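Novice: Line order of the protein sequences matches chains A and B. Residue 145 in our numbering is what sits at position 145 of the first sequence, and the numbering runs on without skipping anything. Residue 28 in our numbering is what sits at position 28 of the second sequence, and the numbering runs on without skipping anything.
Errors might be hidden in some of the hints.
What the hints assert, rightly or not - To be clear about the criterion: a stretch of chain B counts as covered by chain A if any three or more of its residues have a C-beta under 8 angstroms from a C-beta of chain A, and this derived list gives those stretches: (1) 4 to 10; (2) 57 to 70; (3) 92 to 98; (4) 104 to 114.
Calculated directly from the structure, the hints in this document are not laboratory data. None of these values were measured; they are calculated from a predicted model. Glycine residues also receive a C-beta, built at the ideal position from the N, C-alpha and C atoms.
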Amino acid sequence: MREQMEFVQNFPCFSIMLCMFAGIISSALKGKAAKTVNRAVLCINIVMSAAVLLFTVETGEFYVYVMGRFPAPWGNELRVGVLEAGMALFFCIIMLLSLTGGRHKLAQEVEEGKHGLYYILTDLMLSSLLALIYTNDLFTAYVFVEINTISACGLIMIRQNGRTIEAAVRYMIMSLLGSGLFLVGLCMLYDMTGHLLMSNIKEQVTALHLLSLEGSYHVPLLVTIAIISVGLAIKSALFPFHAWLPDAYGYSTVSSAAILSSLVSKGYIFLLFKIIYRVIGFDVFRDSKIINVLFVFGLMGMVFGSLSAIKENDVRRMIAFSSVAQIGYIYMGIGLGTQMGMVASVFHVLSHAATKSLLFIAAIGLTDVSGGSRNFIELTGSGYRNRMAGATFTVGALSMVGVPMFSGFISKLLFAQAAVQNDAKMLPTLIVLGISTILNAIYFMKTVIRIYTPVEDSQYPTVTWRDGKRYAVTLVCFIVLNVILGVCSQPIVDLIGAGLNMFA
Amino acid sequence: MGTNLFTNYGEAVAMLLFVIGFGNLMLQRNLIKKIIGLNIMDTAVYLFLAEKGYISGRVAPIIVDGVQDVGAYINPVPSGLVLTGIVVSVSVSALMLSLTIRLYQRYHTLDLDEISLRLKREGL
């Protein structure tokens, strides 16, 4: 550790504070000004996160930022390494793109007076996501989990109709079950270890694990790990807990759907990664049986999510169900219990976040040229009516199926490589990976073929990229991001590996 | 095992309450009952923390006449956690209640399944 603080090292703290204050200031601003503030905050955050990322890559080690100069066991800390900074950068970029891409829809679907409110919620959401990424204190993490839930609920119900309110209620109920479990888990952990800072807890947990091998503390430790993992799994919509998801993603305004699917659930998964490495310890977590439970539910999610998506007749809900399958992939990677599996999971977090927001934003372009209908019949030929959105949707679909050049291929490859290293779980993983890929191909290719089936004398208008320049630029950015993840994957994978090593 | 359960009856009650609240939040059809379940669940956690944080015979670490031995005080952090938790739970309950009001104004029922059924029929 260096003695002298560099100025860059303050940036994580600044970025969290900046988002919070932007939210507070926005409450006194009109819709347009709030939008400008929001965009400025996002851009500043991208720059700051990039600077922090460069700094951590350069020094090659993590650093601890002490809040308010209270030293370790008492104070609150942020801890920043390569993975945290990279994830923050990535989340900010995705959020900026999702908001820009869905802006015209927001103007149509949400009452004029509520636009300011929407940007307050996104500011809050970003601050809670950044705090979840950076914090080194378990109770702080809990508080920000709740802030995240509240703002996500607001994002769902900002478009007022019966469906969204019902979806918001269902989302809240599921989330509250999850955070209740997480809270009780962390209270038990605090009770056993006497610490709230992640690194301090880990020392104690390691000691407890040694005791548990002799017989005492075995059950409490296992129960705590189980409760925390299940709580976060519920919140990130792992397979049996996904009932709220299709409605929430399918009927909210498109920016919200993109942000929810690609960032909110990922924030919780990232917290779980942190807990696995930094609170419980990777070895202890692997030796507990919980990992097999996550593995099995991950596999089930991969299959059943895709099956539900095949049955779906509504393009937005289909993409939402595909999220269930992709979350299953991530948990399967965690369940493999190898370093390789974790790297694959982290990469899939990035890849899925980039692809899913792209799909939502592209789908809205297609439904707009089909009279606002999301039914597959109406979508026939929409790829010709809006060529830009059609091409982007195809890129997203190919990436999800796992065609080389795109990000989805790399994550599938990494999962397969990780599976080969684990003898016991190799066969089920590879089989389910294969089945899931075929199922993915069925429903995504079905959609792509549908949007490129020509129709005679369509009653819907044709739009070109000139009709929505901002939208077109967003789509291009999404494609570029996806291809970057797919083509330059090796340096990114190396960074993830380095980041995970810094994690522990 | 059994003797531990008896000496730690406070924690046992807290966990029992947690399970009751959890079950209510998950299984009740009525939204108000769900919210009551949520509050029972959260309160159970505070009871657990309070029970764990208090050691009988010791006092809160407020220094009145000079510093006594460390053994005279309890750890104030669990109480702080309870306070934070209460703030979180109040805001979440308020949000849930406001959502419930919205749904009730629209559908004149508090039954979540009934509302889902009607939404399906509307085919929105």
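Novice: Could you work out which earlier hints the structure fails to respect and list their numbers in ascending sequence?
Specialist: Checked against the structure, the hints that fail are numbers 1, 2, while the rest are satisfied.
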